[in-house]
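If you read the protein sequences in the order shown, they are chains A and B. Counting in this note's numbering, the first sequence runs from 1 upward without gaps. Counting in this note's numbering, the second sequence runs from 131 upward without gaps.
Read the hints as simulated data drawn from the structure, not as lab findings. Note that CB positions come from ideal geometry on N, CA and C, so glycine has one too. Take the hints with a grain of salt, since some may be wrong.
[Unchecked claim] Result set (DSS-like, lysine-lysine): computed pairs, CA atoms no more than 25 Å apart in a straight line:
1) K223/B / K105/A
2) K143/B / K223/B
3) K143/B / K222/B
4) K105/A / K30/A
5) K105/A / K222/B
6) K143/B / K105/A
[Claimed, not checked] Here are some chain A residues the structure puts well away from chain B; computed CB gaps all over 12 Å:
7) W16
8) R17
9) G53
10) A59
11) V82
12) L91
13) V112
14) A115
15) A116
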Amino acid sequence: MSQSYDRGTVESFGRWREFSAGMWAWILHKFTGWILVGYLFTHIAVLSTSTQGAEMYTATLQGLEALLIVRFLEIGLLAVAVFHILNGIRLLFVDLGLGLTAQDKSFYASLVLTAAITVASIPTFLGGAL
Amino acid sequence: MADHYSSFERGGKRWFLQRITAVFLIGVLAFHFVLLHFVNHAAEIEFAGTQARMENVGYFSLMWTFLVTATFHGVNGVYNALVNQGLDGTQKKVVAAVLTIASLLLILQGTRVALAMSGVL
Chain A
1 MSQSYDRGTV ESFGRWREFS AGMWAWILHK FTGWILVGYL FTHIAVLSTS
51 TQGAEMYTAT LQGLEALLIV RFLEIGLLAV AVFHILNGIR LLFVDLGLGL
101 TAQDKSFYAS LVLTAAITVA SIPTFLGGAL
Chain B
131 MADHYSSFER GGKRWFLQRI TAVFLIGVLA FHFVLLHFVN HAAEIEFAGT
181 QARMENVGYF SLMWTFLVTA TFHGVNGVYN ALVNQGLDGT QKKVVAAVLT
231 IASLLLILQG TRVALAMSGV L
């Protein structure tokens, strides 16, 4: 069901102060999606070292993991992936017409859960790097 | 009641395939992250361990299907986002062609990588 007033389009980003929870969810889902598809191409590029031999593959992966910045980028990637998954589940429910009245609350829940999982994963990602 | 925000025309084929791949990817992406960061730590990954996993036909099939569905879901998402922003006419056709070629190349290269990891190549 649509609102009875014109809120404008979510594409008009200059109006961000007026955005509702659903609009922020739409933007964050797009943003995290762009990062994930970009990472997919990068991921295959890095893993392509496996075609150059076992030593090249192992040295590349362990060399990257030795960089602290890579560990932090992995934490960021986890946050992006977790949010995209959780908000994706929310979108599937919205598409099925389930929980529409709580769609803003489920967006906030996605954010809180993403933050909790990300923070809890920090020791694992930084293990041995600090 | 909130408005529905989506870049997809509901009920369309692209919309449907995006949802079907999403359901699959929710599970497999989570599994991939857990297995390669929490069960096996990324910093300790060596080719031998990767090969041991990829020699398992079930794991290989899952990862290859992951590659194909993630490529479709990601590139289809980008395409629909661009169409949603007003991409039309010749530009739309060119973007669709470029994204299709990029997807096929990624799947081809990903397949080469998977075969190299499993020791076939």
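Under the constraints set out in the numbered hints, which ones does this structure not fulfil? 1, 5, 6, 9, 10, 11, 12
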